[in-house]
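S.K.: Residue numbers (my numbering), protein chains in the order written: chain A, 66 to 379; chain B, 2 to 166.
Just so you know, the hints here were simulated from the structure itself, not pulled from any lab data.
Treat the hints with care, as some may be off.
[Unchecked claim] In silico contact screen, one side only, chain B against chain A (beta carbon under 7 Å); selected entries:
no., residue
1, Val-67
2, Pro-100
3, Gly-120
4, His-147
5, His-148
6, Thr-152
7, Glu-153
[To be verified] Now the in silico label distances, taken between C-beta atoms and shown as ranges:
no., chain 1, residue 1, chain 2, residue 2, range
8, B, Glu-153, A, Glu-278, 36 to 42 Å
9, A, Ala-368, B, Ala-37, 55 to 61 Å
10, A, Pro-363, B, Ala-37, 38 to 44 Å
11, A, Glu-376, B, Ala-37, 35 to 41 Å
Values in this document were obtained by computation on a predicted structure and should not be read as measured data.
Ideal Cβ placement from N, Cα and C applies to all residues, glycine included.
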Amino acid sequence: MSAGRQELRAPAPRARTRRRPLRWVVAVLAGAFALTGIWAAVVPGQAPTQADQVRTISQTLRCPTCLGEDVADSASPIAEAMRLVVAEQVAEGRSKEEIQAWFTARYGDEVLLDPPRRGAGWVLWLLPMGVLGVGAGVLVAGRRHRLLTFGAPAAVVAVLIAAWTLPGDRFEEAPPAGADEQVSAIPVLSAAAAESPGNLTLRLALARGLEDEGRFDDAAQEYAAAARLSPMEPGIRYRHAFALLRGGDQDRAEDVLTQSLDIDADHPATLLLLGSIRQQQDGADGTDLLHRFLQVAPDHPSAAEVRAWLEEED
Amino acid sequence: MRPTRLCALGLALVLVLLTACTSPAGSEQQEAPELAGTGLSGEHIDLADHRGSVVIVAAWASWCTVCRAEMPVFAQAQQDMGEEGLALIGLNLQDRPEPAMAFLRDHDVELPSIVDSDGTLSVHWGVRGLPTTFLIDREGRVVDVHHGQVTENWIEDVVAPVVYR
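Isolated chain A (complex conformation):
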């Protein structure tokens, strides 16, 4: 029995000696991870093209007429124009911060999707980091004997947070103006859509591109094709109707909007557009549609105007 107990106890010292190198491996890996984080934050990678910059900056701007959509991805006319202004300013060599400040001066802070970190607003940003820091401190203080094991990941987290919050313009290395000439994507999209006529994404991209170029009749045809591919999507029919309206064909736009409401009677954008058209025609159903719009989308950016408009009518 005593010999058996000796055999059972024997491996313990060997296991302790094996753990020590393991801790060092963890520490070295954590250190390497932290250095990689710093490197990625400080040293820019491949220089972004102007188109990349325009998209990146547009993604930080809120479309003023949409619900939670950024300027980069919105199909609204004013978002189209805002993308063009961003492109102009990027071509002039302005930084992301300068362009954001330009838009803030005209549209207020709410044009930024990322709220400004100034004044008392800093507290909101610092609070989570403070909580994280206190948590890390408690963890370290409570488990001093495992300082290395827990300290290294905590340091990595702190470094990553610091790298995230460091101010820096990643666009400084961008090529000079004119190096990345904008070309129309329509021929490429047209060819791709012709090759894959059932591809909804391509069809919508082509329609939007045509709309961006002011070719509203062509855009309407592509939206109609997209609606055939996805007949139960009211948003596509709304885009179709809007392109028709911008092309001057109000009668057909009304028909398409009516179809959109047949699919989804509570589609806010359709209610707003059809309601506005009918209201102007002195149709009583225009008022009903706008009231329904307010019911289903009380927080829509246009809700306050519609409310004031209806009160004026009453």
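Model the placement of chain B on the given structure of chain A, informed by the hints.
M.R.: Only chain B this time, still in chain A's reference frame:
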């Protein structure tokens, strides 16, 4: 610290933060941005030429259904206060010349309008959607921005005091 006091302190902090997060209103009472360009009939239009007048700058488009309702209001305002120094300039946003000109003819309104086919001029002016109307005083400052349809009440309550002051 007692839990109730702690809660009250937390609530007060949240209220302070919420208050601090609200941003001031836009560009009212500021110098109007430059506005010059080619009109629908090919003429040159420049806001600077109207310094000394009160100017209504109206962003509109023929495809904007709400814009139709405000055209008679503009026409009436022009008739009532034109001799007192009220001028109108349109900013025709992302439109085509033919329907835009037909729109003005149909509504019988004198609204010399700068063509803003790509919408960038409107973005310079902070236009969020159509219609949007700016009131510029005789010193060239933006004194009011009206989002949505212009009404007779806005003309009486906002425009007339600036014209007659």
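S.K.: Within 38 to 44 Å or not, the Cβ separation of Pro-363/A and Ala-37/B?
M.R.: Since Pro-363/A and Ala-37/B have Cβ atoms about 40 Å apart, the given range 38 to 44 Å holds.
S.K.: For Ala-368/A and Ala-37/B, compare the CB-CB distance with the range 55 to 61 Å and indicate the outcome.
M.R.: violated, 35 Å
S.K.: Holds or violated: the hint that Glu-153/B contacts chain A, with Cβ atoms closer than 7 Å.
M.R.: At about 9 Å, which exceeds the 7 Å cut-off, the nearest Cβ of chain A leaves the hint on Glu-153/B violated.
S.K.: Would you check whether His-148/B satisfies its interface hint, that is, whether its CB is within less than 7 Å of any CB in chain A?
M.R.: holds, 6 Å
S.K.: Given a cut of 7 Å on the nearest C-beta pair, is the interface hint for Thr-152/B held or broken against chain A?
M.R.: holds, 6 Å
S.K.: Under 7 Å, Cβ to Cβ, is where Gly-120/B needs to be relative to chain A, so tell me if that hint holds or is violated.
M.R.: At 3 Å from the nearest chain A Cβ, Gly-120/B passes the 7 Å test, so the hint holds.
S.K.: Return the status of the interface hint for Val-67/B: holds when the least beta-carbon distance to chain A is below 7 Å, violated otherwise.
M.R.: This interface hint holds because 5 Å falls under the 7 Å limit.
S.K.: Holds or violated: is the Cβ of His-147/B closer than 7 Å to a Cβ in chain A?
M.R.: The hint is violated - His-147/B has no Cβ within 7 Å of chain A, the shortest such distance being about 10 Å.
S.K.: Just tell me: holds or violated, for the beta carbon distance of Glu-376/A and Ala-37/B against 35 to 41 Å?
M.R.: holds, 37 Å
S.K.: Return holds or violated for the Cβ distance of Glu-153/B and Glu-278/A against the range 36 to 42 Å.
M.R.: holds, 39 Å
S.K.: Does the interface hint hold: is Pro-100/B within less than 7 Å of chain A, judged Cβ to Cβ?
M.R.: The hint holds - Pro-100/B has a Cβ within 7 Å of chain A, the shortest such distance being about 5 Å.
In summary, the structure is inconsistent with hints 4, 7 and 9 from the numbered list given earlier, while agreeing with the others.
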